[in-house]
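There are 2 protein chains.
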Amino acid sequence: MKAERVETVAAIRARVARARGRGKTVALVPTMGALHTGHGELIRRARSEADFVVVSVFVNPIQFNSAEDFELYPRTLETDIDFCGRFGADAVFAPSAREMYPEPQLAFVEVSSLGDSFCGEFRPGHFRGVATVVAKLLNIVQPDRAYFGEKDAQQLAVIRRMVADLNLPIAIIPVATVREPDGLAMSSRNARLKPEDRAAAPLIYEALQAAARAVAEGGAPEKAKRAGMEVLARDPRFQVEYFECADPATMKIAERISGPVLILAAVWLGGVRLIDNILCGQHRSN
Amino acid sequence: MKAERVETVAAIRARVARARGRGKTVALVPTMGALHTGHGELIRRARSEADFVVVSVFVNPIQFNSAEDFELYPRTLETDIDFCGRFGADAVFAPSAREMYPEPQLAFVEVSSLGDSFCGEFRPGHFRGVATVVAKLLNIVQPDRAYFGEKDAQQLAVIRRMVADLNLPIAIIPVATVREPDGLAMSSRNARLKPEDRAAAPLIYEALQAAARAVAEGGAPEKAKRAGMEVLARDPRFQVEYFECADPATMKIAERISGPVLILAAVWLGGVRLIDNILCGQHRSN
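Residue numbers (the working numbering), protein chains in the order written: chain A, 1 to 286; chain B, 1 to 286.
In isolation and in its complexed conformation, chain A is listed as follows (with noise of 0.2 Å):
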């Protein structure tokens, strides 16, 4: 089956208008595109849980901090609908950054607090920029539920909250990372490390795993850290960002552990910044 490409707002509401006609139920996955295989599980999931699967293709130019960061986002939109026809997605919903923003954007959405730690703090207004976007597009295809990975974890915190907290009617589904098979989080960055470095990149969640082995034997979050740290030491072409604990639910570094624990990384890699996260220590206490 082949995915229709659908490029402006008024086409896109027509066609999930005709669906919900028919009684159809309607799922969004937004994506900037360079879809892999963590994308088809969304879509995947999306297409078993829904009648008529929307797929956004959009590298949004007001989330990215860096111009050279944006123009180097890989754009390969021809491969996407085809990839997201395979997967079983009714449209794809490419619109040109014009479209989107056909004045210079002047509303914004903010989530203050759970956007500013971790990415949020390298990357200032990366998140105001996500959530807006991600508003914009909830808007425009008024799906019935959306799905995110959960590699992007703060994302998904801050998606989850502005839908909570504006009262979109919408369900946030988040799917599991899905990993090559050496371990590393599928990401559409992973095209531009060199083959060496490539070859490196899963001590990013041995690193991850080690640190949730020391959570599970009980260690505290400082102890977690140390032994995430010890491992990406070993091989110094790894500049860590950020490398830690968190609360989930509000993102905020760990003091202690009760209950669900994100350990949480972001790594440069021969100038490709990674970020990968595990879920782990979920026994609560109280």
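The hints are simulated quantities; they were obtained by calculation from the structure and are not laboratory data.
Same chains, same names: a pair is fine if it fits in one copy or spans any two.
In silico DMTMM-like pairs for lysine to aspartate or glutamate, Cα to Cα no more than 25 Å straight-line: (1) K24 - D144; (2) K151 - D69; (3) K252 - E103; (4) K194 - D235; (5) K252 - D116; (6) K151 - E196.
Chain B: place on chain A using the hints.
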């Protein structure tokens, strides 16, 4: 006819879903209660243009900068419900603060630049609170149309821009300011004026009219402002917070007259803050 009182998000959504199921169109009139003929006009317009009319009555804590102003804001819910019924509303959505904000609000809608001048300058965070609660109400009720008074001109500009920028599929309908026979713009705050201040209050509209005459005669914004300020200077009880000519689309102070001009005033009178405005000079020269 009596309007039905509805207190929870789930219940108002159920009422709206039932109306939608019968093919009805839906209108929302957001208010903070203490309803007067100005609100009546909003409800009347909504009634004539939609099948199912919801009036929300919610004194929104996050748009007040002063706890005292929030406490003093008049609350007359029983009377308001009767009033809504007389004007033909089907439902009054009157949630508690806990229903609207079950958790501390972290997600906010900010409309940059439009909300920074005039009232925004003197009431920091006010329009962020307004935009956020209106976004919530629009997402809860999901009306086809929502009605706002032109008396709150800057609020109207902020909400229009929010709806456009966030792609909310809702028509925002502005309704002309309703005035007392002596010219005073209707406002819930008028009830807080002492009798002698109430008698003097129409001077605000006189001042706006004097400024509008200056614009009509080809005067520059500075001249129009001076004409208005001279009127207000006749009575020393009036303390002017701002009196300006602005571009109604950008809410920036007009440097010269080219197209429509919004003349805006905020004054203090006997401890009560009153606002009013006139739109004039609509003949574009280009």
